[in-house]
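> Residue numbers (full-length UniProt numbering), protein chains in the order written: chain A, 1 to 275; chain B, 1 to 782.
Calculated directly from the structure, the hints in this document are not laboratory data. Incorrect hints may have been included.
To be verified - Computed Cβ-Cβ distance ranges for the label pairs, DEER-style:
#1 Ser117/A <-> Leu747/B: 32 to 38 Å
#2 Ala132/A <-> Ala356/B: 53 to 59 Å
#3 Ala132/A <-> Pro714/B: 41 to 47 Å
In this text the structure is predicted, and so the values were computed from the model without any measurement. Ideal Cβ positions, reconstructed from N, Cα and C, are used throughout, including at glycine.
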Amino acid sequence: MIEIRGVSKVYDGSRPALDGLTLDVRAGEALAVLGPSGSGKSTLLNLVAGLDKPSAGSVTVDGVRVDELAEAALARYRRARIGMVFQFFNLLDDLTVLDNVLLPAQLARTARGEARSRAAELLERLGIAGHARAFPGRLSGGERQRVAVARALMNRPPLLLADEPTGALDTASAADVQELLTGLNADGQTMLLVTHDTALATACATRTIELVDGRIAGSTTPRGLDPGGGGAPAGTGLQAPEGSRPELGGVPSRDGHPGSQGFRHGSGTGGRAGR
Amino acid sequence: MSALGKVVRAGVGRRRVQTVVTVLTTMMAVTASVLAAGLIVESSGPFDRAFARQHGAHLAVRFDGAKATPAQLAATARVRGVTAAAGPGRVFSLRPRPEGAPEGADIPPLTVAERAAAGGSVDVLDVTQGRWAAAAGEMVAAANTPFRVGDTLAFPDAPGRPRLTVVGKARSVGRTADAWVAPAQAAALVPPGTAPAYQMLYRFAAADTDAQVAADRAAVTAAVPPGSVTAAGSYRTARHLVTRESAVYVPFVVAFGVLGLCMSVLVISVVVSGAVGSATRRIGILKSLGFTPAQVVRAYVAQAVIPAAVGTILGTVCGNLLAIPALHHEGDAFDTGTDATVPLWIDIAVPAAALAVVAVTALVPALRAGRLRAIEATVLGRAPRAGRGRAVRRLLGRLPLPRPVSMGLATPFAHPARSAGMVAGVVLGTVGITFGLGLGLSLDRIDAGLERRSPGAVEAHTMGRPEPGAPPKAADPDAVARAIAAQPGTRRYVRITRSEVGVAGLSGSVAVSAYSGDASWASYEMISGRWFTGPGEAVVPSGFLKTTGTRLGDTVTLTNGARHVTLRLVGEALDLSDEGRSVLTDARSLTALGLRTDTPMTRFAIDLAPGTDARSYADGLDRVLRPIGGGAEPDEQESSPVVIAMDSLIGMLTLLLAAVAGLGVLNAIVLDTRERVHDLGVLKALGMSPRQTVAMVITSVAGIGLVAGAIGVPLGVAVHSAVLPSMGDAAGTRMPSSVLAVYDAPLVAPLLLGGVAIAVLGALLPAGWAARTRTATALRTE
């Protein structure tokens, strides 16, 4: 799914944020990138998301050379192939929850009925349908991040990118989001997580790497999976075949269908982690 | 540099767009204001200074010597209110004929006054060439007459048919006479057995207005036997004549000045409010570092005043430069050696007032910044309050529009005050464009209307250029008419003869143009009524109606000595020649006056058959007419230099106003983009393409442009309707409806979109910036 070859990134002639990085992420895999501040985690995420260009090397996602795309093509790439979840949610405060979730489909000019049906389904499955007409400012941090996840999955992206998805949440909300992401991956959603949170990495990721000074300093498979195989262990029913598009972006429902795990509603217990 | 100075310098340098907008808007406002003030004050400045230096006569009164004695007239110097007087001196109306000119080629009568010397207590003349007339046979001509020193003029109507030689030229600022002669010559000009007319010149304690001068005249009239006063000329007539041209500029320049000042206040208010609003956190940091509220206020006022000062200096220079062509005429009129210029006190007062307006405008948001508590300031984000415009956003979101478009349309509602400011700015720009465009069209129509004085494509004269070495001679008008009729390409023609006649109840003479032949096609541009259709009817300009106090339908009596005819006024024509004192009529109307309508000063307006080349026709006719003394030339319609100068000025001020309006939009969008840069980053991360980003930003101002157009166009039309008649008043005419009614549908429709054009042009640049904003950077912006 992701092929990174000899990627370096230098800002203004200073020390490289990434230094000759080579990395592969297979479909269905959940890769967590750990590392201290300034290690190059966010730079890596930005390069994969097409938000930034490498100084050297290549970035290929789902067969697309991201580093060679022009702005308009990058926009199309971001609409179709990736979904992004941010530490501070990055919801548009002026739009309702429903409108926020609909936004990627509207930008992609998806048919109105189809988009609304997809949004309703996502909101229902993520347990925030009751807040569809609310504005993000009225939700708890966990609920906001659920909205952000719903928005990220709206266009059924093959790759979900998450930048410190629990970084702005209290413990309960963080656990809620962690459970959500784990379920998504279990249903076959390929993910790239950037986090400081080792607990999140351990729970969600099929593989973790640690970046130090822009290089991979180490790699583990916290859930005991084959780092090259991707997906959940055989027999769990969660593994998606390589290249497949998980149904509903792999969102597990409250009743465990099609995933096996139920999810706690973001009921506000997580408090309000405002920006 | 102090800490405060560094903060100010950094603010000015960092906000380049706002700095440029402030510079340009104040420049535009100050340019128009300096020009308007300069025109108002200095249009009459050279006249007033020269008049004061000459102790000019406020009133020159002509008396009938048969009804009042010289002693009685001399006693009027003691009439209450008179501060100085000169006279009585004999005065004559004499029609001269230049030496060598054929009989009948007389020029209009001259007022010739008796005067022993150029000096005196009133109307101290400047001898500009030659010397003063000391003996019989000599005369001094007024500076504005075409005669040269050494010319000899014959006066065939005066006793003894004298020939006077011009020995000098002199200037009377108040134009009390056209020529002066020594007492010895004056005595010889009086017909034997008749009492001469006398002239007295007066200065009064109060003569600043027409009403005061009229009261002064009444006081003098009351002091002499009834019927003694035959005419009186006020210095204000001469003053109006020389200030008229620049006075026409004043109404529209003032209108642009007011629009510019409103724009300045608006733009500066938005700029400083925006600077305060977008730097709330910075203000908090400054305060937490120890800046006092007063220092913060000073810092933000200075950030507006510094670029405004630059704009003010540039505007003052531009205003002075633009005043040169507008005031050129005034300087020339008095041979001051230099053109009239904007007075220094205006160059100081107007910029000072503009800067004061800027400072006060900036003070309001700056005080808000000063009052912000440090903790509030550091905690407040830059994004607009989330609650604003949600309902509209939701409503628009339901419309079947592309999402970037519906989001753009909703954007103005997130910042109602800023959007209102933007609407007001674009309204002012639209008003400027509507008004400026309409004014330009009106001026073109006035120019075309004035050209109707020469209705044909070719004009023929009975006095053409003489053959080389041949003496000047005049062609027989009938022979010229026959030649025109015989010339291939002639469609129709009319003969126009100009004479001077008296009008009952009016002092002095008026010019009368007598039309012979088919005059139906030679109509002037009519203001009201219609063109004359036969004898007994007359068409007159607005100035005539005003001077005589008549209206269409009234009758006027034209006199030529003891003869008179009565004509009915059927039309009011657009005509500024002869100070508006002229009459246009069928030649048969004047038969009873005994005027010569076949004088050598006859012209023929010729309308050509379709497809006839005017130049070839005129050359051919000229070849036929020159041997008999006449001539012909194409009547080339050239725009008046005044109209060209006004068109240029209007075009420049309109463009400047529209540009400032566009820059105001640009400034507001830049502020908006800065505040929403994080949201833009989110949208781009979600897949908003550069084109969609541009579309969103552009549509965010399209509604504003539409609303502004809908408000600005009617306002612009209203300003046009108010200003144009004022310009007409200054020029001495009413305006034809065709000149006022320039706003037809094909013009209004694009004008309505003018607001959108200003807004979109202003938003294009920041839209491009928004589209190019790096998503990763935008996402990091909080």
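> Run through the hints listed earlier and report the numbers of any the structure violates, in increasing order.
Violated: hint 1 alone.
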